[in-house]
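K.L.:
Chain residues, written in single-letter form:
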Amino acid sequence: MIEDELRATFARHEGEAPDPLTMRGRIDVLARRRRRARSALRLAAASVAVALAITGVPLVRDRLAGSNPLPPADPSLTVSPQGPATPLNLLLLGSDPYSEAEPGKTRSDTVTLVHLPADRQRVYLISLPRDLGVTIPGHGLGRLNHAFWLGGAALRGIDAGEVVGFSQPTFYAMKTAPAGGYEALRPEAADLFAALRTGTLDQFATAHPDWVLQR
Amino acid sequence: VTYEEFVHTGLGALARYAVILTGDQHSAQDLLQETMVRVQLNWRKVARAEAPERYVRRMMLNQYLDWRRGSWLSRVLLRAEPVEPPARSKDLADEAADRDLVWAALATLPRQRRAALVLRLYEDLPDSDVADALGCTVGAARGYISRALTTLRAGMGAEVRTGGTR
Chain X
1 MIEDELRATF ARHEGEAPDP LTMRGRIDVL ARRRRRARSA LRLAAASVAV
51 ALAITGVPLV RDRLAGSNPL PPADPSLTVS PQGPATPLNL LLLGSDPYSE
101 AEPGKTRSDT VTLVHLPADR QRVYLISLPR DLGVTIPGHG LGRLNHAFWL
151 GGAALRGIDA GEVVGFSQPT FYAMKTAPAG GYEALRPEAA DLFAALRTGT
201 LDQFATAHPD WVLQR
Chain L
1 VTYEEFVHTG LGALARYAVI LTGDQHSAQD LLQETMVRVQ LNWRKVARAE
51 APERYVRRMM LNQYLDWRRG SWLSRVLLRA EPVEPPARSK DLADEAADRD
101 LVWAALATLP RQRRAALVLR LYEDLPDSDV ADALGCTVGA ARGYISRALT
151 TLRAGMGAEV RTGGTR
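In the order they appear, the protein sequences are chains X and L.
Taking the working numbering, the leading residue of the first sequence gets 1, the next gets one more, and so forth.
Taking the working numbering, the leading residue of the second sequence gets 1, the next gets one more, and so forth.
Hints listed in this document are in silico derivations from the structure and should not be mistaken for laboratory results.
Glycine residues also receive a C-beta, built at the ideal position from the N, C-alpha and C atoms.
Misleading hints may appear alongside valid ones.
[To be verified] Reference listing, derived: stretches of chain X covered by chain L, where coverage requires no fewer than 3 residues with Cβ under 8 Å from a Cβ of chain L:
id : stretch
1  : 12–24
2  : 29–35
[Unchecked claim] Just so you have them, the derived chain X footprint on chain L, three or more residues with Cβ under 8 Å:
id : stretch
3  : 1–13
4  : 24–34
5  : 37–51
6  : 101–108
7  : 114–124
8  : 142–153
[Unchecked claim] Going by beta-carbon spacing under 8 Å, a handful of chain X positions derived as facing chain L:
id : residue
9  : E3
10 : E5
11 : L6
12 : R7
13 : T9
Let the hints inform the model, and build the full structure from the sequences given.
P.N.:
Below you can see the structure in the form of structure tokens.
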């Protein structure tokens with residue numbers, strides 16, 4: 001009887017249930033966070049809430065010229081204006097405040113990989129935990145957000161293939177909001193947002209070739 | 001009942017329910033976490049329910065069925081196949097392989113049908129309660145169950161004919 005087999009299967013796999021003790025802690029942390037977010041939302045006027053939501057995924061491009069300069073864009077790497085032929089991967093980074101002790105250094109606390117399939121029918125956002133253990137070339141095992149501190153734009157040297165393979169041209173964006181506030185987002189960042197939402201990233205890439213880098 | 005007491009006595013059973021519904025540990029964690037956060041944030045409402053435990057199970061079921069509706073982008077769960085096959089002794093090898101086939105075949109079912117099976121065979125609910133939980137007619141609930149069983153039988157038959165996978 002298949003019903004009996006099913007019952008036996010269910011009973012056997014009950015053992016794979018998540019550990020209640022561990023889960024309890026995680027539930028409490030998440031509930032606290034959400035409660036806080038909820039009361040914050042109540043306090044804020046609607047417009048402020050919208051602004052906060054936008055800065056939640058900070059996208060303003062890195063302008064720093066110190067120890068972690070952006071490599072110059074190679075025109076051959078830009079997305080073809082003729083149209084989508086290859087999948088595109090973008091790496092969106094949001095930094096924490098710049099270090100005062102070591103100017104120009106910052107960690108990437110928000111790391112989101114955006115993947116656009118060649119047909120551009122969908123946008124996949126893959127959020128990588130900033131505490132993810134990765135191999136940082138020349139430094140050994142470290143946390144993902146620390147890799148940016150150590151390597152800056154050379155973060156691209158990290159073997160991201162361990163997480164999600166990406167070998168296609170990669171966008172690279174970075175928040176430069178000064179510590180203590182989000183100030184105005186750079187207009188290009190708003191454009192990038194719009195392009196993500198409307199699926200017109202190719203046009204965006206054509207208009208901002210310096211945003212497109214290759215891994 | 002306070003939330004603390006409820007969690008203390010009930011979380012283990014809910015964790016098991018989550019893994020039976022979703023079929024894997026990671027999704028079970030997500031489902032349990034999401035449900036329990038909502039329970040905690042709306043505890044007064046939950047506590048007012050006639051049977052809080054049953055109420056929370058229903059919340060979890062709805063959460064499972066609604067999983068992909070809530071967001072403007074669909075989530076893609078990145079995860080590998082089961083990390084390691086469960087250990088089995090020689091004598092039980094065939095039985096264990098069959099059971100894993102059932103478990104694997106369950107994963108191919110649409111959510112509604114899987115949920116119907118779980119309610120019927122894991123929760124041991126009568127058809128009328130299954131229908132109530134799924135928000136459909138009794139006839140439809142029976143249909144889910146019988147189609148799920150048919151799929152499982154067919155799927156397992158194919159596996160056996162090709163010599164099985166494990």
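K.L.:
Within the stretch 101–108 of chain L, is the number of residues with a Cβ closer than 8 Å to a Cβ of chain X three or more?
P.N.:
holds (count 3)
K.L.:
Min Cβ distance, X:R7 to chain L: is it shorter than 8 Å?
P.N.:
Since the shortest Cβ distance to chain L is 5 Å, the answer is holds.
K.L.:
When the nearest CB of chain L is found for X:E5, is that gap smaller than 8 Å?
P.N.:
holds, 5 Å
K.L.:
Taking 8 Å as the C-beta cutoff, is the stated coverage of the stretch 114–124 of chain L by chain X satisfied by three or more residues?
P.N.:
Holds: 4 residues of the stretch 114–124 of chain L have a Cβ under 8 Å from chain X.
K.L.:
Quick one, is the X:L6 hint okay against chain L at 8 Å, beta carbons?
P.N.:
Hint on X:L6: holds, closest Cβ of chain L at ~5 Å, below 8 Å.
K.L.:
Take the stretch 24–34 of chain L, compare each residue's beta carbon with every beta carbon of chain X, and decide whether three or more fall closer than 8 Å.
P.N.:
Our answer is that it holds, as 6 residues pass the Cβ test (under 8 Å) against chain X, meeting three.
K.L.:
Would you check chain X against the stretch 37–51 of chain L, counting CB to CB pairs closer than 8 Å, and say if three or more residues qualify?
P.N.:
holds (count 3)
K.L.:
Against chain L, does the stretch 29–35 of chain X show at least 3 residues with beta-carbon separation below 8 Å?
P.N.:
Since 4 is at least three, the answer is holds.
K.L.:
Taking a Cβ-Cβ distance under 8 Å as contact, does the stretch 12–24 of chain X have three or more residues in contact with chain L?
P.N.:
holds (count 10)
K.L.:
Checking C-beta pairs, does the stretch 142–153 of chain L have three or more residues closer than 8 Å to chain X?
P.N.:
Contact hint for the stretch 142–153 of chain L vs chain X: holds, 3 residues under 8 Å.
K.L.:
Is the hint on X:T9 kept, meaning its closest Cβ partner in chain L is under 8 Å away?
P.N.:
Status holds, d = 4 Å.
K.L.:
Would you settle whether the hint for X:E3 is holds or violated, based on the nearest Cβ-Cβ distance to chain L being less than 8 Å?
P.N.:
holds, 6 Å
When each numbered hint is compared with the structure, no violation occurs for any of them.
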